[in-house]
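Colleague: Read off the chains here:
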Amino acid sequence: MNSPLYEYGLFGEGASLIVALVAGFFFGLFLERGGLGNPHKLTGVFYLKDFTVPKVMFTAMLVASSGLYLLGDLKLLDMTRLWIVPTFFWPQMVGGFLFGLGYLVAGYCPGTAVAGLGSGRIDALVTIFGMIAGSLLFAVVYPALEHFYMSSGLGTATLPSVLGVNHWVVIAFVVLMAGMMFYSMERFERKTH
Amino acid sequence: MEKNSFWSPYVSGIGLGLTLLATFYVMGKGLGASSAFSIVSAVATQKIDPEYAGGLEYFSRYLTGGSPLKDWMVFEILGLFVGALTGALISRSFRLKFDKPSHMTVGGRLFTALTGGILLGFAGRLARGCTSGVALTGGAQLAIAGWVFVIAMFVSGFIFAAVFRRMWS
Numbered sequence: 001m002n003s004p005l006y007e008y009g010l011f012g013e014g015a016s017l018i019v020a021l022v023a024g025f026f027f028g029l030f031l032e033r034g035g036l037g038n039p040h041k042l043t044g045v046f047y048l049k050d051f052t053v054p055k056v057m058f059t060a061m062l063v064a065s066s067g068l069y070l071l072g073d074l075k076l077l078d079m080t081r082l083w084i085v086p087t088f089f090w091p092q093m094v095g096g097f098l099f100g101l102g103y104l105v106a107g108y109c110p111g112t113a114v115a116g117l118g119s120g121r122i123d124a125l126v127t128i129f130g131m132i133a134g135s136l137l138f139a140v141v142y143p144a145l146e147h148f149y150m151s152s153g154l155g156t157a158t159l160p161s162v163l164g165v166n167h168w169v170v171i172a173f174v175v176l177m178a179g180m181m182f183y184s185m186e187r188f189e190r191k192t193h
Numbered sequence: 001m002e003k004n005s006f007w008s009p010y011v012s013g014i015g016l017g018l019t020l021l022a023t024f025y026v027m028g029k030g031l032g033a034s035s036a037f038s039i040v041s042a043v044a045t046q047k048i049d050p051e052y053a054g055g056l057e058y059f060s061r062y063l064t065g066g067s068p069l070k071d072w073m074v075f076e077i078l079g080l081f082v083g084a085l086t087g088a089l090i091s092r093s094f095r096l097k098f099d100k101p102s103h104m105t106v107g108g109r110l111f112t113a114l115t116g117g118i119l120l121g122f123a124g125r126l127a128r129g130c131t132s133g134v135a136l137t138g139g140a141q142l143a144i145a146g147w148v149f150v151i152a153m154f155v156s157g158f159i160f161a162a163v164f165r166r167m168w169s
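Respectively, the protein sequence lines represent chains A and B. Residue 114 in my numbering sits at position 114 of the first sequence, with consecutive numbering throughout. Residue 20 in my numbering sits at position 20 of the second sequence, with consecutive numbering throughout.
Heads up, a few of these hints could be off.
The list that follows gives simulated cross-link-like pairs (lysine-lysine, DSSO-like), each with its CA atoms no further than 27 Å apart [to be verified]: (1) A/K49 - B/K97; (2) B/K47 - B/K70; (3) A/K191 - A/K49; (4) A/K49 - B/K100.
Don't read these hints as lab results, they were simulated from the structure.
Please model the entire structure based on the sequences and the hints provided.
Modeller: This is the structure we're talking about:
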């Protein structure tokens with residue numbers, strides 16, 4: 001077991017930036033080609049008109065999730081060296097809620113705004129400037145928010161660890177939910193178009 | 001509009017998922033987006049008013065090192081832009097335009113694009129990431145963070161779409 005490659009020192013920081021460019025390239029290519037540089041498609045889900053966002057998102061999540069846990073189970077990837085997204089329950093709940101409003105109003109989220117700009121959309125550049133300003137706003141009010149920002153920390157808690165079940169049980173459940181969701185979306189789209 | 005020129009969402013989703021999986025394998029972390037704009041924000045603030053930027057505790061996490069822009073996420077975002085540009089060019093769908101709902105004025109769209117962006121920037125910092133870094137990456141790791149964020153984001157989107165019924169439809 002010698003992966004994650006970077007964590008095992010197979011290449012240095014300079015090379016990691018090239019990896020970043022390559023990973024970003026494919027990230028941007030698949031977002032744009034999936035239609036996720038287009039604010040009409042990006043907001044369509046909230047008006048039950050276009051389900052591209054959940055289709056792309058949950059497909060990607062399931063592919064990465066099953067691949068990741070498979071590599072872990074086969075001892076091809078050292079899961080203890082993987083940086084797991086830390087959970088801070090309430091800040092992420094409130095942040096996610098505010099984020100949903102921002103996404104609807106802007107018509108983009110941060111990554112898709114860059115994809116929108118890449119497809120020639122100038123309004124996406126305005127959103128990018130807004131995000132830079134919004135980050136500054138957060139930094140300015142941070143002292144007042146710090147207590148809340150640091151609250152309800154659960155560390156690297158995952159659904160399998162909290163529920164006390166095997167990760168494949170959770171993945172199977174997500175596959176089932178996503179499958180039912182995709183099926184109803186396809187049916188709904190055929191009916192309304 | 002370029003209606004049918006996009007790839008199937010499932011094909012794009014598989015491609016995106018494999019990109020994320022490769023990033024896990026190679027880097028030991030996932031993809032992201034919003035922190036790149038937070039770094040740019042910190043660097044821009046420092047350029048304009050170094051003393052003020054130095055007093056902002058939250059930005060100190062980016063500004064203490066030597067060259068804050070030599071960051072993995074900043075480079076990933078540069079790659080994202082080039083990848084999206086390539087996608088738009090190879091499919092001949094690249095158009096320079098100011099995209100907006102047909103009923104909205106240019107001034108109105110400027111306002112929504114900017115205020116929406118401010119909200120995204122702020123909320124992304126509060127949640128420690130966005131659709132990419134928390135929802136997609138965290139969701140794939142089965143981290144609680146990803147699923148809390150994704151549920152809150154969709155619930156909020158549906159609620160506010162009902163409030164602003166004519167914004168995009």
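Colleague: Give a verdict on every hint.
Modeller: Going down the list of hints, with the structure as the test:
no., hint, result
1, A/K49 - B/K97, "23 Å, holds"
2, B/K47 - B/K70, "16 Å, holds"
3, A/K191 - A/K49, "11 Å, holds"
4, A/K49 - B/K100, "17 Å, holds"
Checked against the numbered hints listed earlier, the structure breaks none of them; every hint is satisfied.
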